[in-house]
Each structure stands twice: as structure tokens, then as C-alpha cells.
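Q: Top line first, the protein sequences correspond to chains H and B.
In case it helps, numbering that gives the first Met the number 0 puts the first sequence at residues 0 to 359.
In case it helps, numbering that gives the first Met the number 0 puts the second sequence at residues 0 to 151.
Worth flagging that the hints you see were computed from the coordinates, not collected in a lab.
Just so you know, not all the hints are guaranteed correct.
[Stated by the list, open to error] Now the in silico label distances, taken between C-beta atoms and shown as ranges:
| id | chain 1 | residue 1 | chain 2 | residue 2 | range |
| --- | --- | --- | --- | --- | --- |
| 1 | B | Lys58 | H | Asn125 | 38 to 44 Å |
| 2 | B | Thr114 | H | Asn202 | 22 to 28 Å |
| 3 | B | Asn65 | H | Arg297 | 24 to 30 Å |
| 4 | H | Tyr222 | B | Glu44 | 23 to 29 Å |
[As the list claims (entries may be wrong)] Simulated pairs of lysine-lysine, DSSO-like, Cα-Cα distance not exceeding 30 Å:
| id | chain 1 | residue 1 | chain 2 | residue 2 |
| --- | --- | --- | --- | --- |
| 5 | H | Lys205 | B | Lys116 |
| 6 | B | Lys53 | H | Lys51 |
| 7 | B | Lys67 | H | Lys110 |
| 8 | H | Lys236 | B | Lys116 |
All C-beta atoms in this analysis are idealised placements derived from N, C-alpha and C, irrespective of residue type, glycine included.
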Amino acid sequence: MKHLALAFVILFGFELRAQTDTIPPPVEEEDFSMYDNLDFADSGTKRFATSKVLDLSPQKLISVGIDFQGPYQLQTDTLSFGGNRLGFPQESTFGGSGGLRLGANIPVVSKNSIIVQMGFSYWENNYYNSKPNELSNPLNQALTDYGLRTVGLNSTVFKPLNESQFIIFQGSGDMNGDFTWSSIPSLAETRISLAGIYGWKPNDRKMIGFGLSRTFRVGEVNYIPVMLLNWTHPNRKWGVEALAPARVHVRRTFSSRSLLLLGYELEGNSYSLFNNVNPDLNFDLRRSELRFRAIYERSIRNFIWLSWQVGYRVNYAFDVDELPQGNDFFRGFFGDQPYAMMNDLGNSFYTMFSINLVSP
Amino acid sequence: MIKKTIFFFAFALLLPLFSFSQATEGDKLLGVWEPSHGKARVKIEKIGNKYYGKVVWLKEPNDPDNGKPKVDKNNPDETQRSIPLKGLRILKDFTFVGSGEWNSGTIYDPENGSTYKCIIKMKDDNTLDIRGYIGVEALGRTDVWKRLVIKN
């Protein structure tokens, strides 16, 4: 009896080992035409457009970067509010500015019928003044002492309607200002940006859409039409990645692991100022700049990509508004509300380097 | 002694039955599936006790550059770049772990030559959640695949 039991064990053990050690045979010749005439097992199944376009620059799940702008001049005016004037006009030389840029963008819902991503960002801009003890203007002083920071949350929803049409919603809430971690502004000062785009994707190389955005990219709140275009040439060497007017880039793809982007981005936001001086005063710096740039991106190991950009930063706005009772207001391109302080920021070369974990 | 022997035989006889049940449930994965982009069809097969998926149909079977059948030209291994996409195994080494889940496998994306860790979950008999990820499951993307059958 013992021997019979042992035989069972040996046989059963052999069977297990034989399964574990199986090596897949090489792919054999097969008549693939039998797979031409298939249909969904579920009769109601629909196909949906995907959010992917061939050869698009990789989407960054996690990004850690450093931004640095070269020397420039800042000509500041006096600060005018309620009939008062504060400080003196001053021309200052900044040896540069820059700081850390962190970002995360994680898909939280990923289905054929809807994709939802949640993101986080932290940007800082520290100002390096060559003569910090000679500052007589409150803006120069605040920038030099505290710099500017942005802490934000954002979300993107991609909702395909059918095989070719889709809708994109984007929203973000940013807290911006010269705050420190011990003087974070209240949630009421969160700046909300929104965008809605309707588009279509005629093939895997082209995605186009039109919509409307509520944006602070011009420094203050504005409502601007937007156009989305992600396109790859049939030769797959060239392409366009654009969300105009916020950013437009021509792409040159060298391989599936390296590419170059040439174009510009309009960056900007509205920053609460002087939180560290007097929280009862409500001033916002309307900062906006155009960054003409070249970006080289390369995979260094599987899903780790380096991104290096160099370019020229052109000032669009660097003026200060007083917010009555802390309430923001709409000026648009044609409003005539006076600024509390109008400044002239010089242009400069800049560079940014980041290391990124990219999405599958 | 006799009790022990009976118990052993009972165990030895029931274990293959349990194993057969696992295999049957795991084999629900077998068949032809279409990823959400609709550009390809993938046949999942069982080899040994693991599951593999190969491309069996392409919406655009030929390379627009040269008119010839598409090959795995983005493969990081240069020696593999002339292998036809049709027949290429893109799902490898999946093991059924129960509760409609297959793991420990990888998925290969021929469009960029990257291989990701992957987990497969069966939502219903005709729907799979295929999640490719990097390192941890949270850093990934899920694609929904639908089962295909022969047209009536």
C-alpha cells in the first residue's frame, strides 16, 4: 500500500513539474484569415475613440524638475490703492530666478467609455536680487524675500462619445502667492481654471478639437477659445502638439525613445501678494510670460524619461491689481480698470530640466 | 494506519478535481479579444499552465511606408525588428490565481517597444480589464478588451 501511495505522489509530482517547465513553442505558421469575420460576443458593445495619438510625447505620471531663468531687469512703479501710494519706483537687477517644479498626474478611472485623471503640482520661483538690502519697492522686497509659489490640484476627463468624437473637461485649482508654508493663504484665494473641448479623431494620427477656457495664463482671469490639435505625419517623423493659444509645438520624432519639440508655451497665473506683510491688503500679481523653446526628451531606462528645455522667456504681464474686499474681477482684453502697479520685466534666456516617470 | 491511507487517497483523488476546477475557470480567458483601440485582435491561448496572447488580426496589416506586412520595428532588440506583428505574442506568462484574475504576466506595446507588468481581471465572461503598470499597480493604465466570436 505504501508503495502505491508513493507511486501516486511521484506521478502527480511529475505532472506538476511538467506543466511548470513548459516553454512556449515558437510561433507557428497560421491561417490568420479565420479572424477576419468576428464580432463582439456582447451584441450591444460599442467601440470608443481612445485618447492616444501615435507618437505623441509621453504623458508624465510623475515629474521632478528645476527651472532657471537668467539675469534680467525689473522696473517697478509705486503701489497705488485707495488714493494712497506706497514705496518708490525702482529698477532692480535680478541675477536670475527659478526653483523646483513637481507634478503628478495619475489615472484614477480608466475605461473605454471614460478616463479620469487627477493631478498635483508644486512650482516655486525664487528671485535672486543682487542688492537685497537696497530695495525700496514693496514688490521687489516681497519677491526677493519670499518668491512665488503655486500649489495646485487638477483633473482631466476624457469622454469618448463614439468611435471618433470625444469631449475633454479640464479643471484646476491653484493657490498662488508669495506665501510660505507657515502663511498659506485661505482656500478662498484658490484660482479656478476650466476648459471644455469637443473634438474628433478621424484616425490614430490626428485628434482635433475646439472649446472654451477660463484661464489665468494671461495673468488675470480671462475667457479664451481654445483649439486642440495632435497630429502625426504619415512618415511618423514629424507632428504637431497644440492646445492653442496656451501652447503650440512642432515635434520631430527620432525614435520611439527620443524626440524634439519646438514651439512656445504661455505660462501665467494670478499671485496673492504681501501675505507676509498685511493679510488685510488684497493685491494680486498678474504674471504671464511666453516661453519660446526647444525641448529634448529621451528615455534613459524603460519608463524613465529626461526632459531638457532651453528657450527665451518673453514677458507679457507683470502688473499688480488691488482686489476690492479680496474679490477678483474680470478685465478681459478690453477692460479699462486701472492697475495698482504697472511694471516692466525684462526678458531672459531660461532652461529647465526634469526627470519623469511616463505613462504606459 | 488504514485511516491515514484512506485520507491520503481521498486527498490524492480530490486534488486533481480541485486543480481541474481551477483550470476550467482559468480557461475562461481563452479566446479572441479586441483591445479598446480596435486596431488589433488578440488570441489568448494556454501553454502549459500559463496564458499567452498573440496578435491574430490587424486593422491595417501593411506598413504604409513600404506596403509590406507590419513588423515589430520598435522592438528595443534590433534582432527582433523583422518579426511580423501578426503572430507576435504580446501577452506572456499569465497565471490564473482565482476570482477571475490572472497575474504575474507582461504586456508588450508594439507601438513603442515597451513591456509592462500586467494584471488581467475578468469583469464578465466577455469583458477583460487589462492593466499595464510600472512598478506598482497604481502607476498604470487600464484598457478594456471585449470578447469576439464568429459572426452568425
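Q: Going straight from one Cα to the other, do B/Lys67 and H/Lys110 come out at no more than 30 Å?
A: 33 Å, violated
Q: Straight-line Cα separation of H/Lys205 and B/Lys116 no greater than 30 Å?
A: Holds - the C-alpha atoms of B/Lys116 and H/Lys205 are around 29 Å apart, at most 30 Å.
Q: Between B/Lys58 and H/Asn125, does the C-beta distance stay in 38 to 44 Å?
A: The hinted range 38 to 44 Å is violated for B/Lys58 and H/Asn125, with Cβ atoms some 52 Å apart.
Q: Under the criterion that the straight-line Cα-Cα distance not exceed 30 Å, is the pair B/Lys53, H/Lys51 satisfied?
A: 22 Å, holds
Q: Take a look at whether the Cβ-Cβ distance between B/Thr114 and H/Asn202 falls inside 22 to 28 Å.
A: Check passed, 26 Å falls within 22 to 28 Å.
Q: Do B/Asn65 and H/Arg297 keep their Cβ atoms within the hinted range of 24 to 30 Å?
A: Between B/Asn65 and H/Arg297, where Cβ atoms are some 27 Å apart, the hint holds.
Q: Holds or violated: 23 to 29 Å for the Cβ distance of H/Tyr222 and B/Glu44?
A: The hint (23 to 29 Å, Cβ to Cβ) is violated, given that H/Tyr222 and B/Glu44 are roughly 55 Å apart.
Q: Keeping to a limit of 30 Å between CA atoms, is the pair of H/Lys236 and B/Lys116 held or broken?
A: It holds: about 29 Å lies between the C-alpha atoms, which stays within 30 Å.
Violation of the numbered hints given earlier is confined to hints 1, 4, 7; the remaining hints are satisfied by the structure.
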